[in-house]
Structures are given as C-alpha cells and as structure tokens.
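Below are the chains, spelled out letter by letter.
Number of protein chains: 4
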Amino acid sequence: MKAKGLRSRPRVAVIGGNRPEASSLRAAYRVGQLLAEKGLLLICGGLGGVMEEAARGCHEADGLSLGILPGKSLEEANKFIDIPVATGMGYNRNSMVVLNAEVVIAIDGEYGTLSEIAFARIFGKKIIGLNTWPIEGLIRANSPEEAVELALAEIKRIRE
Amino acid sequence: MKAKGLRSRPRVAVIGGNRPEASSLRAAYRVGQLLAEKGLLLICGGLGGVMEEAARGCHEADGLSLGILPGKSLEEANKFIDIPVATGMGYNRNSMVVLNAEVVIAIDGEYGTLSEIAFARIFGKKIIGLNTWPIEGLIRANSPEEAVELALAEIKRIRE
Amino acid sequence: MKAKGLRSRPRVAVIGGNRPEASSLRAAYRVGQLLAEKGLLLICGGLGGVMEEAARGCHEADGLSLGILPGKSLEEANKFIDIPVATGMGYNRNSMVVLNAEVVIAIDGEYGTLSEIAFARIFGKKIIGLNTWPIEGLIRANSPEEAVELALAEIKRIRE
Amino acid sequence: MKAKGLRSRPRVAVIGGNRPEASSLRAAYRVGQLLAEKGLLLICGGLGGVMEEAARGCHEADGLSLGILPGKSLEEANKFIDIPVATGMGYNRNSMVVLNAEVVIAIDGEYGTLSEIAFARIFGKKIIGLNTWPIEGLIRANSPEEAVELALAEIKRIRE
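Chains as they are written, first to last, in my numbering: chain A, 9 to 168; chain B, 9 to 168; chain C, 9 to 168; chain D, 9 to 168.
For the record, the hints were derived by calculation from the structure and aren't laboratory data. For every residue, glycine included, the Cβ atom is placed at its ideal position computed from N, Cα and C. Check before you lean on any hint, since a few could be wrong.
Unchecked claim - If you want the ones that stay clear, here's a sample from chain B, every Cβ over 10 angstroms from chain A, calculated: (1) R19; (2) N26; (3) R27; (4) R38; (5) D70; (6) G79; (7) N150; (8) E154; (9) L160; (10) I163.
Claimed, not checked - Pairwise CB distance ranges, derived in the manner of DEER restraints: (11) C/S151 x A/S16: 57 to 67 angstroms; (12) C/E154 x A/K87: 55 to 65 angstroms; (13) A/S81 x D/E154: 27 to 37 angstroms; (14) A/K87 x D/E45: 23 to 33 angstroms; (15) A/S81 x D/A69: 26 to 36 angstroms; (16) D/S81 x B/E83: 22 to 32 angstroms; (17) D/E154 x A/N150: 57 to 67 angstroms; (18) C/R17 x D/E68: 48 to 58 angstroms; (19) D/A161 x B/E83: 45 to 55 angstroms; (20) A/K87 x D/E154: 31 to 41 angstroms; (21) A/S81 x D/A161: 19 to 29 angstroms; (22) C/K87 x A/D70: 52 to 62 angstroms; (23) B/G145 x A/E157: 27 to 37 angstroms; (24) B/E144 x D/K87: 38 to 48 angstroms.
Here chain A stands alone, though its shape is the one from the complex (with noise of 0.2 angstroms):
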C-alpha cells in the first residue's frame, strides 16, 4: 500500500472498550478488515479491546491505522497501529480520538466510550453503534457490514 495519498484517504474512528465481550471483539476484527478493504484510514485509541481488534484486522488487510495514545510513550500502542501518536493527556485523549476521523463506529465500550460518543456528538459528527450505548442520536447498526456501509455513505455525503 502506497503512503502517498495518505492526506486524503478518508478516516474512520473506531471506538470501544478494552475489556469488551468476544462477539465485541469479533465485530471489532471485521470492521477494521472492511475499512483496510474500503482503503479508509482507521483512527482508534491505540490501546488494547476493540482498539486493538480492529487494528489487527486492518493490518491484516492490508490497511493503516492511526493509534491515539493516552500516555507518553509510543510502545503503550498495540502492536498493529501503524502511526501511534502520543499526547500524554490522560484521558483527555478521547477527544481527539473522534476529532481526528469523519465518522465514528462505536462498538461495545464502557464510560472513556461514551466519552468519546459525547465528544463526537459535540464535534457534529455522525456516530454508527454495535451494541454499545443507547445514547439519542446514534444510528444503530446490526452488523460489521452495515456499520461500515453506513460510515461510507457518511463519508460520501461529507465530501461531496
């Protein structure tokens, strides 16, 4: 995969908690494989769960992956991001994480989820859920496939 093009390939924020249950973590591996197929940009928290689920299945595609660290230090990022950038904010991470992608799939997550759901509900961006918190205004998906169909028509409307 070429780096060139990197600046205009779309991204895609995927969030979710490190201790989700393994349908989670399924969910998370498959949508993270579609957004490498789609040739999207992932952006994720960087960390274990469904961050390093869905980074595992966009390196395994072929894909890239942006990892968003809470700490200092570039090896707290799971093993499959690509480009961990470090902030050491503490959880003040989280809005960046949202901030940096132009749709979010969340999937699973505990309360730094629905942080990141607020956040990018604050930043006007749409946000696509998998089994995670019924918070007023996401738009529910049923499976890995209609999340991330959902996201590129996002994608679309945005850019077009």
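Since chain A is already given, all that's left is putting chains B, C and D on it; use the hints.
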C-alpha cells in the same frame, strides 16, 4: 464568609447545559442555594444556563463558587462565579470540572454534560441526576433538596 | 480575610522550580508574603520548592493562593495552598498557571519554568525575573521587593 | 515509498516559527529534504513558516510528515503534510510535537518554539539548534547537514 477554610471545604460539581428548560434553571438555582447553605464549594463550568443559575443561587446565599472555563479569559465567567479559572482547553476542560469535585449533580444537559458524566464515572465519582441523561450508574433524585442530601451523604461516606 | 472580593482580586503567578537554591527559596517566601500584604491572589503550580515557599509566605501573611496541579488529586497540593485545582494534564498544566495571572514573577527554575515563561509571553503577559532564565522580553528585578513593585505597576497599567 | 514500516521509522521533530527569516526557511527546507532522504518521519506543528518549509522539503524528496495541529480542523495543515493530526488544544499541542519525536531540530523560532524546547528538555529529548534560542542544554549545529547528522547519531545512540 471567611476564606480561610477554603481548602477543606467539600466540593460539589453542578453540571448541565447552556440552554435548559425553565424548570431545570429553577432546580439549578435551588441546588446552588442549598450547597451554599451547607457550606460547600460549588464547582462548575463557569458559563451560562445551569452553570449560571447554580452560581447565582450560591452567590445569593453567600456561598462560594469556582468556575473552570473553556477559554483563555476570566471575563468569560458568568458574573456570579467567585473564583474563575481559565484553561484554554476548550471542551477538554469538561474533565476538570468533575475532577475537582467529590460528587457531581447533573441537571438537564446536552452532549457537553454527557461528556462530564462519562468523565465523572471514569474518575469514580458518584453522580446524582435531576432530569438528565438516563445513564447506567447515575443516581436519580426527584428534587434539588434530595439531590443535595444525596451529595452530602456521599461526601460524608468519602470523608469518614 | 473575607472571601468576597475574590473575583476582583488581582492575580500574580509565581513560577519556579521544585529544587531551587536556598536564596531562591527565601526570595519566593518573601514574594508570597508581599503579595499577601498587598491583597493579591497568588497563582502557582501548587507543588514544592518555589511554589511551596511562595504559598507559605502568602499563607503566613494571611493571603490566599490558588495552585494549579498537574495530577488528578487535590492532595498533591502543598499544605499552604488555599484553593487547589486538579487538571490531570501533567506538564500541560503549565500554560494554565500563567494564563490565570495578570503578571508573572519567575524565580530560579528549570525547564518547567522555561515552558511557563514561554507560555506567559505567548499570552502577552509581562514576566518579572529574579535569578531566572535570561530570556529576551523578561524584566529583571534585583529583590523580592522590586519584583512585587514591578508586578503592582503592571497590574495598575492593565487595569487603568 | 511504502507505508508499511511506518511504525518503526525514526521520528525527528522540526520546530520553528511561523515568520522566520529567509535563511531559516532555506535551512528548514533542506532539513526536511535530508530527513526524507534518510528515511525518517518528520514531525512538526503542521502550520506555516519553518513547519511548512520543512514539510515541503520532505515532500519533494518523497518523505513522509506528520503535523500536530493546534485547532480542530485537518484543513489547517499546510499542503505538504501527509498525516495531519488535529488536537483542539491550541498552544497546548506544543508538548505533543516534541513528545512524538526521538530528537528535535529547532530552527529560529519565537516563544512557541521556546515552549517546545522547554518541553523537549522536560521529556529528556536532545535538541539540535540552528540559529535559535540560546538555551543551556541545546546542541548547536552550523548547517542543515550537520543538524541532520547529529540527529541521526542521537537516534543511533537511542536505538542501540
């Protein structure tokens, strides 16, 4: 009111939106008033709506309030805030509002308030809700009086 | 000392390192004392060294101090701080220390202090230096008395 | 240039002002070019002046650059940045620019650059200076070639 003793004064954050319904504004005023009467320090985001009414209630009952502002200017604070603190962090100041309190009272609120609820839970703070987001883990109160009573009970529990 | 009037009290930040020489600790104590005598609110980073001695001087002269802390716990503040504010931002809280003051007094200091000097200049604040970094744009003072006099003159200039 | 291998590519931050002298702009361009030729990832603040010229030199030599932006929009990045990252943190993003590099090259610069120099030292990063602030602890270079050589030597030292 003496300033000495400021350090040990228990802190309660009141969070809520800029444009709430009239009933929420009345609740915020009453909560601020009750916190002042109990000798608590009110923490809030320092701007309008719920934040301003809570600060006004506190001010008129001779209490003290600390407002953690998104921008760079202290002038941004509503006129009832005693101790404005500028952050220059925009929406990222939301985490600081709840970080500085022992317990949180949420009244009404939009996505900014939702991010504060999420951060309060991340930081392990109890949240008492008055007509706000139906988030798991929040304790519902039916009146400003009940909300402040629950907040006092939580402070007592923490400090014992 | 009355807490009412807190909002309008002029604010002076005292910045400096955790491990300064004894002469700088004495200067910090004296600056804190003089700020209290003039009725100013002392702003600092809330930790040890210059920050603690300035806060102690202020405290013992019946003044008030606000400490903007790097971590998440108010306990982190030295025991002379009246109003601790937790940020959870680590070194990024340095910008906030100077943002909240009308004028800055720098005493000794290492790289953390240098970052605060830089931010003070970015925000257009005057800095008065006592045995600190030889940065262009800093006004040198030869004693705590002169430093506080220069700070008062700057506040007068701003407020007129 | 292949994107795979992005993760392990050594990172050099180039810091400097928005409005430098012509000779500093030429030096920045040349540094960017050399970093690209050596296969390094350029990290910068993503805006104009030194940041833009370094990114242009890098881009025209087929390298890759990551720009850490103060605002909320990726559009803010100069057109030579391959990987813009929005922070919404204003000047507080300065710490992140140096946090993400193994070594820092400072060219010219005003107070924003001074804050980055301070943060680089706080984080224990070496700084190589080209016509910049005369700060203790900075290593002076006399040409872009020497600056990049010193940066490479430091990366070699760290990675061995």
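Tested hints:
no.: 1; hint: R19; in the structure: 20 angstroms, holds
no.: 2; hint: N26; in the structure: 12 angstroms, holds
no.: 3; hint: R27; in the structure: 14 angstroms, holds
no.: 4; hint: R38; in the structure: 26 angstroms, holds
no.: 5; hint: D70; in the structure: 34 angstroms, holds
no.: 6; hint: G79; in the structure: 15 angstroms, holds
no.: 7; hint: N150; in the structure: 22 angstroms, holds
no.: 8; hint: E154; in the structure: 24 angstroms, holds
no.: 9; hint: L160; in the structure: 24 angstroms, holds
no.: 10; hint: I163; in the structure: 22 angstroms, holds
no.: 11; hint: C/S151 x A/S16: 57 to 67 angstroms; in the structure: 60 angstroms, holds
no.: 12; hint: C/E154 x A/K87: 55 to 65 angstroms; in the structure: 57 angstroms, holds
no.: 13; hint: A/S81 x D/E154: 27 to 37 angstroms; in the structure: 29 angstroms, holds
no.: 14; hint: A/K87 x D/E45: 23 to 33 angstroms; in the structure: 28 angstroms, holds
no.: 15; hint: A/S81 x D/A69: 26 to 36 angstroms; in the structure: 29 angstroms, holds
no.: 16; hint: D/S81 x B/E83: 22 to 32 angstroms; in the structure: 26 angstroms, holds
no.: 17; hint: D/E154 x A/N150: 57 to 67 angstroms; in the structure: 60 angstroms, holds
no.: 18; hint: C/R17 x D/E68: 48 to 58 angstroms; in the structure: 55 angstroms, holds
no.: 19; hint: D/A161 x B/E83: 45 to 55 angstroms; in the structure: 50 angstroms, holds
no.: 20; hint: A/K87 x D/E154: 31 to 41 angstroms; in the structure: 36 angstroms, holds
no.: 21; hint: A/S81 x D/A161: 19 to 29 angstroms; in the structure: 22 angstroms, holds
no.: 22; hint: C/K87 x A/D70: 52 to 62 angstroms; in the structure: 57 angstroms, holds
no.: 23; hint: B/G145 x A/E157: 27 to 37 angstroms; in the structure: 33 angstroms, holds
no.: 24; hint: B/E144 x D/K87: 38 to 48 angstroms; in the structure: 46 angstroms, holds
Violated hints for the displayed structure: none, as all numbered hints are satisfied.
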